[in-house]
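*Asks:* Based on the hints, put chain B with the ligands in the right spot on chain A.
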Amino acid sequence: MSTLTITDLHVTVETEQGPREILRGVDLVINSGETHAVMGPNGSGKSTLAYTIAGHPKYTVTKGSIDFDGQDVLAMSVDERARSGLFLAMQYPVEIPGVAVSNFLRTAKTAIDGKAPPIRTWVKDVKQSMSDLRMDPSFGERSVNEGFSGGEKKRHEIVQLDLFKPKMAVLDETDSGLDVDALRVVSEGVNRVKEETGLGVLLITHYTRILRYIKPDFVHVFVNGRIAEEGGPALADRLEAEGYDRFTETADA
Amino acid sequence: MTQKSSAEHSPAAFYNADALPPVQTRRERLSAYSIDELNPVSSRSAEWRFSPLDRIEKLTSGDRDGSEIPAVYDITGAASVNHVPMSDPLVGRCGCPEEVASALAWHDAKNALIVTASAQDASEVWITRESLGGSARAGHTVIDVAPFAKTTIVFDNRGDALLSENVEIYVGESAQVVVVNLQQWNPSAVHLASHFCRISANASLTHAVITLGGGVVRINPTAHLAENAGSATLLGLYTADAGSHIESQVFVNHDAPNTVSRVSYKGALRGAGARTVWIGDVLIGREATGTDSYEQNRNLILAEGARADSVPNLEIETGDIVGAGHASATGRFDDEQLFYLRSRGITEHEARQLVVRGFLNEVLALVPVPRVQAIVHDALDEALEEVTA
Ligand SMILES: Nc1ncnc2c1ncn2[C@@H]1O[C@H](COP(=O)(O)OP(=O)(O)OP(=O)(O)O)[C@@H](O)[C@H]1O
Ligand SMILES: [Mg+2]
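Sequences listed follow chains A and B, in order.
If you're matching positions, the first sequence starts at 1 in the numbering used here and goes up one per residue.
If you're matching positions, the second sequence starts at 1001 in the numbering used here and goes up one per residue.
If you are wondering where the hints come from, they were derived from the structure by calculation, not from laboratory data.
By construction, the Cβ of each residue, glycine as well, lies at the ideal position given by its N, Cα and C atoms.
Each hint should be verified, as a subset may be incorrect.
Said to hold, decoys possible - Derived list of chain A stretches under chain B, where covered just means 3 residues or more per stretch with a C-beta under 8 Å from a C-beta of chain B:
(1) 15-27
(2) 94-100
(3) 108-118
(4) 198-204
Extracted from the complex, chain A is given alone in its bound form (with noise of 0.2 Å):
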């Protein structure tokens, strides 16, 4: 049983005009097992949670804590973040030319695990992961995410969640560019990695076609860099109907 607590978190960039505050005070707990839907407005500062809790160099906790299982995740590297056991699924999956999948995915493998994994499995599970996620086993050889498709790029990480097996995982915004069949390949995934190890979730989407697959313990209303809201599932059907409107009036007031 693991527990990701993210506590009055305040996060800025550095911005031409000097540091700009992003995240203004997030409250936050995830159990493994549990999915945690986050849902809100473009630009609200999504994202930036995402990358802030994988470590990205380009956003500056001034305030605040995120604790995992009595570990000080701001203090960690990035590196010593995912080896940890946290995993985030990029709303953009970067680029990596000449580095070919499979040596990437069991280079990756071998870090998390600190051992490299058994030859034979390891093919054997990359071949099962790829073609459970309907990525046709060519794109072993292919170089990181280059050339791949929006859809693509997705089902990769969702491969890589997969395989690596972490304690919690971060999807931003996977389900954004996926076709009606994909949607339901990649949520498959994510339940079977869900079921097989108890994975917790933080979902990042704007929409909740997703979440009748991935279904969701607790919905989160983000808006301008907090959470402005928080129910069940039915809190996500009600902002796909009524919008956020409601929400970005009282965070103006």
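*Replies:* For chain B with the ligands alone, kept in the frame of chain A given last:
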């Protein structure tokens, strides 16, 4: 006609090198066997303006030993090697010196090494040159590939060298040729070379220059696409250490219809003060209708004070072409790439190595010689061990 003469877009971390205006058009470059007819070696001449003239003095003035260059030949298939006097008709078919070091080497060489590949059988010639020593030498090689022959020729250069040489590569009709120049010289070695490649009808040449070690290494290939539907792929891969100067003046001369060229040079500057120069001239002549040409140079700066000059230059004399493009970019590590890898548990050190290796692999993958790929892989493992910047 589609004509992409502007640099293609490149990752944000890269900036486009300012292309200096050509001093003269490539068409007008002097060529002669006599040094009196060539531009003097000076930092003001187009041929020499980037080169460390003090370090190459012994190859641009004075005398050189023009006797046979010690080498070990490992030949499989239908190929042979022998030496002939410079007066042999096989010498001088592919080009003529364009600068002083080349003209001097031509004059100094007492004989020419002839590598002959015939069409009976595919062949491979592996030429190991590792006992040249540190005294000034001049050499001449002619690679003579018969029509329809398939051959791979590798120069495996190691140890000390103070060498100036000319290499002629005559690619017969419909032949398929790979020539690899692999430099793992000692840090004090100086190596100047002009390669004159003449590509006949329907023939293809892949020419690769891989420089992983050496003090001054300046290898300038010219590909003359002289007949219909010839194609040339000119590859370069280099890692530059502290104090090394690696220069590549590449010239592709599209001189016949339907010819294809691809130039791809990539380098990692991993030593403080390392210096690389790439000048990529492409001339598409009046006869060269249907030309398809693309050239790129990319450099990754990994150390303080390292400098890469990158000058693409395209001259087009006919409008009726398939395409002509170029790209040139020099930059540091892309932080987003490093973040992505590290967010998968990979340490910063290993992430940097992966990125550099991936960057260089894009060229290495195009060198169709597995044994060369294996050697370079191993050498890069060692060379990139200390990459941290
Ligand atoms: N370097 C920067 N300079 C100025 N503003 C920035 C910078 N980086 C991020 N921001 C701003 O931070 C805010 C939050 O961005 P973030 O990507 O976290 O939003 P988001 O909620 O994920 O939006 P979306 O739903 O569109 O993905 C945005 O308004 C963005 O413009
Ligand atoms: Mg976002």
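*Asks:* Under the constraints set out in the numbered hints, which ones does this structure not fulfil?
*Replies:* Violated hints (numbers, rising): 1 and 4; every other hint is consistent with the structure.
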